[in-house]
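Peer 1: Protein chains in written order, with the working numbering: chain F, 1 to 543; chain H, 544 to 870; chain E, 871 to 1237.
You may find that some hints are simply not true.
As the list claims (entries may be wrong) - Some chain E residues close to chain H (C-beta under 8 Å, calculated; not the full set):
{"no.": "1", "residue": "F1036"}
{"no.": "2", "residue": "I1206"}
{"no.": "3", "residue": "A1211"}
I should point out that these hints are in silico values taken from the structure, not numbers from a laboratory.
All values derive from a computational prediction rather than experimental measurement.
Glycine included, each C-beta is placed from N, C-alpha and C at the ideal position.
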Amino acid sequence: MSPDRSTVLEMDGIVKRFPGVVANDHVTFSVAKGEIHGLLGENGAGKSTLMKVLYGLYTPDEGEIWMNGRQLDLESPKDAIESGIGMVHQHFKLIPRLSVVQNIMLGERKTEERAASRPLPEWIPFSGSVRALMSKRAESHEKVTELIDRYGFDIDPEAAIWELDVGERQRVEILKALYRDAELIVLDEPTAVLSPKESKELFETLRRLTESGLTVILITHKLEEVIDHTDRTTVLRDGEVVDCVDTDTVSKAELAEMMVGREVLFDIEERTTTATETAVAQATDLHAEDERGIEALSGIDLTVHEGEVVGVAGVSGNGQRELAECLVGVRNSTAGEITIGGRDLTNDSSQSFIDADVSYIPEDRYKFGCTPDRSLVENAILKDRASFSRILLDHQKAREHADQIVEDFDVRTPDIDTQANKLSGGNLQKLICGRELARDPDFLVANQPTRGIDVGAIEYIREVLLEQCATGTGILLFSENLDEILQMSDRIVVLYEGEIVFKTRAGETSREEIGQHITGATGRDSTVGGDDGSSTRALEVET
Amino acid sequence: MSAVLESILSLAVPASTPLLLGCMGAIISERSGVLNLGIEGTMAVGALAAFITAGMTGSPWLGLFVALIAGMVFVSLLAIFSVSLKSDQVITGVMLSLLGVALTTYFGRPWTGRSVETFDTVVIPVIGEALIDLPVVGRALFQNTPIDYLAIAVVPAVWYFLFRTDIGMEITAVGDDPETADTMSIDVTRTRYLCVLLSGLLAGAAGAAVSLSFAELWTANLINNRGWIAVALVIVAQWNPARAVGGAYLFGIIYAMQFRVQSIDFGTIMPLSGELGSVYNFIFHPVIMSTYPYVITILVLVLTTRTTRKELAAPQALVEPYMREDS
Amino acid sequence: MELPNGRRISVSISRRHDPSLAIRYGVPLFTIVASLLFAGIAITAIGVNAVAAYGTMVTSLLSFYGLSEVIVRMIPLLLAGLAVYVPMRAGLWNIGAGAGIYTGGIVATAVGLSLNLPGPLLMTVMLLAAGLASGLLMLIPGYLRAKWDINEILVTLLLTFTMIQFSGYAILLMGSEQGVQSSKTLPVAAQFPRFFGTRIHLGVIVGVLALLAVYLIMNRTRFGFEILNFGSNPEASQQSGISKYKIVIGTLFIGGVLSGLAGASEVAGIQRRLVPNFSPGFGFTAIAIALIGRNGAFRVLLASLFFAVVYIGAANIELLYPVPFAIVDIIEAVVILFFIAGEGIRRFEIHLNTSPQPEESAEVVNA
């Protein structure tokens, strides 16, 4: 730490436990005034928990927080704000209908202070209430304009939010923090929603802020950003601090290694591959947009063969969901082709994909995977109802099917008439797996199948997926768990910012190498050869 | 011709007043995210309360005042159910409307056919006296009851309240995204209660306008779906008080035409009355005309849903109860 | 809110997990008792002896004729209740049962007055035409909702009022010579036969058949399966290949058909001609019925029976006591409101909190 910079924030020995996991394990972490400090780690490393502690949303089980030499006792976000901590979340909390100024001043009605500063003439009755009715928009407008000018934000304060693009909206979120006199601003994965140009502008803005004496904490998993824009970085892994380094003194490779670790944690048995040459699913130059209309997939070429597991590694938010949904017919692509079993099914209905023997285990089992208040029987036949009915439903057959699934897939339940939402996460996931696998699909997409469930269920699901693969099903497995990818895949690809940046085979790579690609360490100005010898990354063109 | 127009317009104004007041109330409530389908019942309660008070005290103004209170008390049921108990707003509103109309029919029977002190029409001093003889619009503009003018005055007040005050801003936030509003320390519950109570106040006033100004009597089906039209009007107004004025007076004119057509044959004053006579008979038939407010609203609903940006149309959290996600 | 001794109190509401048996059974009981109490107060308030009135209601209902009248009243309520029930299972609000009823009544009258066919055939055609016409009418809100997500609550509500008004016009078109507010009387061939010397008419068979049909469809067919699952989770269902268009438009169509049958039955069975307001408030009552019966077709039957009892009971009270007929609507609305309140109590519990608070327990993991 440079001797002339004082410490603005110190989190000392923070411990935060949840049932079954220690999210923060004696984390000690300090930030100097005026620096941009990166907080680097994979999903599940503990970064967001730590920041929620800082923001008053969680109370730590142990540990202290000091700001400018004073110990803080944070019981709510309000306390954090009053202590000068501002947070810019990934999902903006803005009202599109209202203007920039209005969003910034929302919820702030310090009537008494205002009344004191600009009193009304004596003869107006109920002057306090009258004051309350008159908007303080003018004063807020002043302050906001002043902030905009000071930091060069280039936003029209009277513009409505819906008129602004993502980068501008993010700046409004930053303004919200500045307006409340934040000294320390925490940004949570800010570039997840930005284009390269917008990211560049964001970092310029952050520089300007720190030059004026503010301090910034940047939570990210992207090495690019850390190397280019931070002064120092703290790396978290599995709830613990790995190290805190001056960013100038490390390389991307070293950082990647710190993030994902060197040791091989599981014995990766040699999987005898059952893959054949026949392709069950193929995506060609696939493009797709996300909910906001921003391009999430930029030209994906991917093939999955009979009997093989292709693992897609990468942090959520790089296009995984869009790719999974396109390949099972749940989302329409904007360009490119999807072939299933040799037939072109691009943008066909989800029913056509189901008829083509495509199965899907979605990321969110409650939202997309089941009908929560219907019974297990109904959930079990949800996709294949045609097999159990022409017009009339064959209840007997359906119940037998459900019984079979419950037994084969170890679903712990009192009976098959229980409602789906009464099952624990692990058991529901096993049911969904059962439903999807019992159809004996040709092609299966599994998106984060073992996330958020108990260890027993995790092992079970991995087992049945591999068994299914051995019978000839081609599986596309999305997982944020690198070990899972390494353990289960024949081939591995890395999805980063909507493109496949790396292709390899399981035995031919290491945790560090994949880790580097996941984090974009081997980003813009390098190309990496895949197993078929082709280059998979082009230079990013900045407009 | 001008006599026809004049008779229509002068009737249109008092006909529009209850619609306008009811609509203002519905807009305020809906902007905070609470669909108030109990306006019809609240209007009935307000109407009877006003009528009885005026009958017992001899003062229509006191009647109006009591109607405001009665409206608020009645609508507080909706508030409790919808905001605190998170019940289904549609059912609650419909049932409260049913209850309001039924209760007033039930308890109001002794008052049917009686006459009480109602609001007299007044001529606006100075300007009114001078311009009252203007053809067509003279009486319509300058000779109405105080409630009619009150209704018009309420519009800019509501507009200002919703669009220029801090509270109005919070109401908009709560109606669009209660979760974000909650994060910004806005009390969602309190804001919604306030808005629902205000809607009850205005609906009560609307009821008073019907019993003490427009109809000047009490009978079982006095409100006659005016409350429902006021709710429909919110869509035509696109949740904006300024637009509500246009819609309310349009519907008022339609009503006036329904009424006047019984004594005047509109077909004769329209072009091509010979050839298109039967067409005009259909278009101007009072029963057919009574469907126009509903049909127009459906058309506006379809058109605006397709063309308006989602963020600028209905409050996004309308009809959804809000509860902080931590229990 | 702060108390004088410096402590704060606040009210908070949290979801109730596993309501106790007392609450689960107490609530419906509470609903009925509270409603009767409320109505009793209303009756007393206008100077009538509530106990005597209720006594009359019970004795009149226990007579043969009384029971038959209950069934008469139940027929359109059952059909209309089912009309709201089917879309409700799909997650849609059908406030347009009234629209279907009036459309059905208009069409049935028109067919009955104009076609010259033997009785059974004529009645069948009337029913089919009425059902079809109302079903087609409901395609409007169905399509608007399926294609553009336009709220079906408002569209169906507006259609109801439109059709009620329009029926007045239809009456004039088919008007009788006397100038009385009604259409011409239906020919005998079009009038539904009545049974057992009571007013129970053919409609009862229509109602029973409809009930069975709805039950079978919902529980035994693939379509019903899709409806129920779509109602539970539209997104997951669509991902499983269930078609939103089919469900939304299909259920609203069925709702239209059922309410059309209700209207036709009422006109051909009871009124024998088209009169204004022949089914006052049935559309709204149907919503209440469907709400209470939302878990099954047979519960819809029970709910419609209940409201029929209330209706006839009140009608009988009105014959003997100076209680205005509006008491029916009062009871109906109060029952639903207590029902909803009971639901609220079942789902949530209210806490009165005083500070200082003990340390908050660990919160749920958000991963």
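Peer 1: Take the hints in turn and mark each one as holding or not.
Peer 2: The hints, checked one at a time:
Hint on F1036/E holds. Least Cβ distance to chain H is approximately 6 Å, under the 8 Å limit. This hint holds: I1206/E has a C-beta 5 Å from the nearest C-beta of chain H, less than the 8 Å allowed. At a threshold of 8 Å, the smallest CB-CB gap from A1211/E to chain H is about 7 Å, leaving the interface hint in force.
Every hint from the earlier list agrees with this structure, and none is contradicted.
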